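> Using the hints provided, position chain B relative to the given structure of chain A.
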Amino acid sequence: MITSTDMQKAAEFIRKNVSADDFTLSINGSEDLLTRFAQNGITQHITGNKLNVNLSVSYDSKNGSASGNNLSKDSLKYLIKTASEMAKLNQPDPEFVRSEPAHILPEVDNFAQNTAEITVEEIVSNISLCVKNAESKNAKLSGISQKHIYDTFLATKSGFEGFDRSTQFSHSMTMKREGVETKVSRSVKDHGRFNMQGMIEKLNSQFDSLNNPVQINKGHIPVILRPAAVLNWLHYLIWTFDRRTADEGHTPFTDQIGKQFFGKDFTFRSRLDDPDLAASKFLGGGVPAENVDWIVNGVLKNMSATRYYAKQKNLKALRPYNIIVDGGDTAEEEMMKMVDRGVIINNFWYIRPTDRKTGEWTGLSRDGVLYFEDGKIQKSVTNFRWNEILHDATKRILAMGPSVQQEYYAKVPTLLIDDFNFVDVTTF
Amino acid sequence: MDFLSLAMDTAKSLGADYADIRIQKSYTEMIYLRNLSLKNTSLNEIYGYGIRVFKDGAWGFAHNNVFTTDEVNKTVKKAFAIAKESGRVKYDNGLVLAHERGYIDSYKTPYCVDPFGVPLSEKVELMMEVNKTMLNYAEIKLAVFMLECRKDEKLFASTLGSRLDIQTVYIEPTITATAVAEGDSQSRTYSHGGQAKGWEWIQGLNLTERAVQVAEEAILKVRADSLGAEERKTLLLDPNHMALTMHESVGHPTELDRVLGWEADFAGISFATPEKLGNYQYGSKIVNFVADNTLEGGIATAGYDDDGVPNQKWYIIKDGILNEYGNTRATAPLIGNKMSRGCNRATNYFDFPINRIPNLYLEPGKEKLSPAELIADTEDGVYIEGRGSFSIDQHRENFQFGGDMFWEIKNGKKVRPLKKILYKSNNPEFWNSVDAICDERFFQTFGVTNCGKGQPGQRGRMTHGGTLARFRDIRVGGSQ
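Sequence order for the protein chains is A and B.
Each residue of the first sequence is one higher than the one before, counting from 367 in my numbering.
Each residue of the second sequence is one higher than the one before, counting from 5 in my numbering.
If we strip away everything but chain B, and leave its shape as in the complex, we get:
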């Protein structure tokens, strides 16, 4: 039975102004190894469909997992009925959807080895080896390896005539060693986040070698000193660390739904309001943030978003100036945009698509500059690797970040490890303090697979990237 056509025909016959159906099967394999004990080895499959109906400027969404003519029709009718109820308390005079056309297309994440085709025994064997490597060190009291593989198969149809067949895959290995010594406990993690790649990527990572580095740095860290009182310092932030800072301080504030106040009761709003477009100095002149949902290996890359809008590439911040938002068909017209940038995504079939951060990266510096040269050029500062504590206000303006590994820089050299470092800054101070960015030879990407947003909560995913960058005159100190 062609449930796609059935749903769209029923929606049209009811008088829907627009409707779409997303049939989605999602597979998630999770393996969680803690000190050689497998705490979770599971395969989860979620299969069903969600139907959106747009009527008189308001949405209704109903989902189901029973695939019969009767149930599909009932689900369309439920979505239509609650869209009409929504219309009793309309947003302004009713929402308007940005112009779009229908597409008949398919997309598949490019990979060589399907991670779901790799035997569990092979995965567990690798994970055990990595765990054992870390536990060989007496100070390492906790060794964790988490592996997540996810595959989504989507069929999308809309009353615009779209028929899309989309298959995406990502893998995310995370290894953490925790050292306990001298009354303290400190962890070090290796993670690139999720990557839209096949198992061949894991095979090339040399995770056992990385486990040695992770364990040894955890031990260095637990015995390291902290800094004293807060003072203004230079920071060198690696792209893994910056993936988190750009996510929180650039990605979220430039989601148009937040800008419009749609998240005011929960995730918060944004300081980056529309009158700042084209004139607000978000960062220094060398700061360019690119949104790119066509990025190879990006985990928001899927051909089309869940509005049926093609993936695109554009500048969020150009030469330091706030240039454009990430938006959706429902949000774009509210600031006068005729077309959507295609950022509407749902996690599972039962989720309503919401305005998400696209793949977003800090464009590498245009001048040739290596990380070694940047360190050599820094007299006094702190080099931060990886992600740690993070907290930002609900307007996405004022924030405090930690990190995973810290090194003191003196006279152009890493001189000693540090721990318990926090820095405080805000927008626009932070991104305007950037005075050097390494070049494209050193560009790396890091996936975020746990971006919590929406009610009910959804776990969104996107990729961030960049190269080592230098920030001047930031408040840095030990905790407290």
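Bound conformation, chain A alone:
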């Protein structure tokens, strides 16, 4: 794998050989091992190192960018030549911003030796364990187990230089037998904190709670969203969480900064110092990352902004680098007693915008749906399609479970939401 010294040498070469007024060099490397399995057997097995070297140069405000996957001098010379020629032929960018100067960067801990040392034999043994569990239930198991070591390096003509090394291990598996199908997935930065046996038990628990689903009517129904569903939803909320597009009138967040736009129980932050979660030392272009409160008790505090837009509007250039949603202390059993009836959803699927301006999204349930009534689970039910204005749904949060780690970058709670808008039922 390429080392940080190799990357610094490349930056030195670029500094000496680029004649442009400005440049930004970005190098991203990874060492990857991915083992994919389906129907109780391994179907795909990949190993290798990847590298992306991107050079952006500017003459006055004219930009050009070239990238490759090699750090040899010949390759770097090619990038300089290509990016420079593009910049010279280009038109001036009225939104040009000079590259970032040197910054003091926050300390983050994204690397775990435990993860870096996982071997292919261990991964295959774990998959074998999971498959044997599925076979004991006369079920079929499909999923992926993967380990990555990532290197991120950024250097600019204005003096910024930053490097970070991170690790990630993730395991995901879907168990299926006839009409019963459910999934668990988790990723961590430190494999030492990963409990495969616990994950198998969680899969078994979800699987055993399901049986062949029956259809119930669509409509406005209270829903308990388990953490995987909540995180899936948040990914899409964040997708539109941009200050400029809000200010330009394209999203529901127009003129909402500082206002109670979400439910009063909804708080979403990014934090550098959570010991379980990966964080970023620096954001795009070399802006130092910092702790950010995005939504506090339903009040919209901050939104993502590019370096250009932040400068124009006297804002900070920000983006969510990890996701922490504050939780509560209500157990799922308690939630079921708080409403007459409802459904428990393990995950969402295929979320897409239906109306960008109002913030309405559509999606489906996936990985098992349970119907409860009188405080108890009654039966498995078929999947639903929903069309919901997601920020409005946070105003209907009735209770929250504790915030739990779902992925290496996210902690979210289970949510009980009233009157979720289910507009269709599926055939399975």
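Simulated from the structure, these hints should not be mistaken for laboratory data.
Incorrect hints may have been included.
[Said to hold, decoys possible] Here are a few chain A residues that face chain B, going by a calculated C-beta distance under 8 Å:
1) Asn436
2) Lys542
3) Glu614
[As the list claims (entries may be wrong)] Below, a list of computed lysine to aspartate or glutamate pairs in the DMTMM-like style, where the Cα atoms sit at most 25 Å apart:
4) Lys43(B) - Asp388(A)
5) Lys418(B) - Glu377(B)
6) Lys723(A) - Asp188(B)
[Unchecked claim] Per the computed footprint, the stretches of chain A lying under chain B, defined by three or more beta-carbons under 8 Å from a beta-carbon of chain B, are:
7) 398–407
8) 458–466
9) 476–490
10) 593–599
11) 729–740
12) 749–760
On a predicted model such as this, the values are computed, not experimentally measured, just so you know.
Even for Gly, the Cβ is constructed at its ideal location relative to N, Cα and C.
This is chain B only, laid out in the frame that chain A set:
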């Protein structure tokens, strides 16, 4: 150094049952213009090789970008070692590859003007003109032009003796205008997706004229009404819109790897299971879906797939009946097929080839019928152009689609624009509701260059096509 031969000789000496190497150099030029500001002007080059080794019914794949004898040999050994590890948890009693032979051949996308030979200044000048045209309208607050050009140069060799030299090219221009008025924001897009053509295609598109239409329709749309509550209606779907519906509701469910459950943990499975082959009424009798990886201008057309199987043409749905899948050498034998249809494709050198949708189109109607005649023959319905919101379940059965532009049809005429229209349907209801398809004079193709599938995710590409078609009795309404 002949790295192709070296890799294959090393794989054979290790005892591989089958192996192949794909040396691939991919160039992507991206230009992204937003309100006259160039947000991205970049040329990306990715060069390396991927080696697949098949041993005792299991795969191993390793990739590298260092071209030395030592590194090529190491990469083969890594692929071989993890193939052996894969064999510890075999799929059934081990995979079997469909019969194939070796080929020595070459393929090149036919074009006149290499898009990578056109100066950046010429491209940017055109894009600026289009952007300015759209921004001339006061209501247009956002004008975007994205241009992507991609070229792939592949050398493929296999232990079957194949030696293939393949060069493919596509171009994809997309222009979007967004109007803001009356508290709403609505967009309109012009795009044919990616097309395997040279720059001469762009020169013939008259994009500045199209920009006028796009901007004016965005303004019409932002001021348009929506429909009320959902009700059953007739839909007229243009081929650009249908490119997306057929991709999601016919293309993906007939990928054999999904049918077999290989995507169960991620992209999902398929309702179109093998016992339905030859008897399942997928569509009405006039519905014929053709898979054609020999299609001129098609972006899955490459001479051969990444199994080294020649491109082919076949029916996925014939006279409305599910006829056959798209498959690969590893998936075809699992349902008793002796040969592969050649749908195994990887995006970059470091990607493992996966079962992909072929170029797939709805065959034009056999009776003479023009779009104007079809509209005139429709009393009450909604005409949908272009692609919008789309969402489909993981079995590819139940779905909801929007669109890019909507028109109300009354008494055989387009009477007013609409916005925020969604329709819900499922398989087999949707394709069985087709009662009219315009004829081949109006056939158009649309490329999809962003088909996300696989783990790690790959961006696949294929072309879809068709003519204006009519669907009866579909649930249509405003959003919510």
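> If a hint holds in the structure, say so; if it does not, say that too.
Hint-by-hint comparison with the structure:
At about 6 Å, the closest approach between the beta carbon of Asn436(A) and any beta carbon in chain B falls short of 8 Å, and the interface hint on this residue holds. Of the supplied interface hints, the one on Lys542(A) holds, with its beta-carbon coming within about 6 Å of a beta-carbon of chain B, less than 8 Å. Given the 8 Å rule on beta carbons, the hint for Glu614(A) holds: about 6 Å separates it from the nearest Cβ of chain B. The hinted pair formed by Lys43(B) and Asp388(A) meets the criterion: a straight-line CA distance of about 16 Å does not exceed 25 Å.
Using a Cα cut-off of 25 Å, the hinted pair Lys418(B) and Glu377(B) holds, with the two alpha carbons roughly 12 Å apart. Annotation: proposed proximity of Lys723(A) to Asp188(B) holds, straight-line Cα distance about 6 Å (limit 25 Å). Counting residues of the segment 398–407 of chain A whose beta carbon lies closer than 8 Å to any beta carbon of chain B gives 9, which meets the minimum of three for the stated coverage. Under the rule that three or more residues need a Cβ within less than 8 Å of chain B, the assignment of the segment 458–466 of chain A holds, with 3 such residues.
Coverage of the segment 476–490 of chain A by chain B holds in this model, with 3 residues showing a Cβ closer than 8 Å to a Cβ of that chain against a need of three. With 0 residues carrying a beta carbon less than 8 Å from a beta carbon of chain B, the segment 593–599 of chain A misses the three-residue requirement, and the given coverage is violated. With 3 residues carrying a beta carbon less than 8 Å from a beta carbon of chain B, the segment 729–740 of chain A meets the three-residue requirement, and the given coverage holds. Here the segment 749–760 of chain A counts 3 residues with a CB under 8 Å from a CB of chain B, which clears the bar of 3, and the coverage holds.
Violated hint: 10 only; the structure is consistent with all others.
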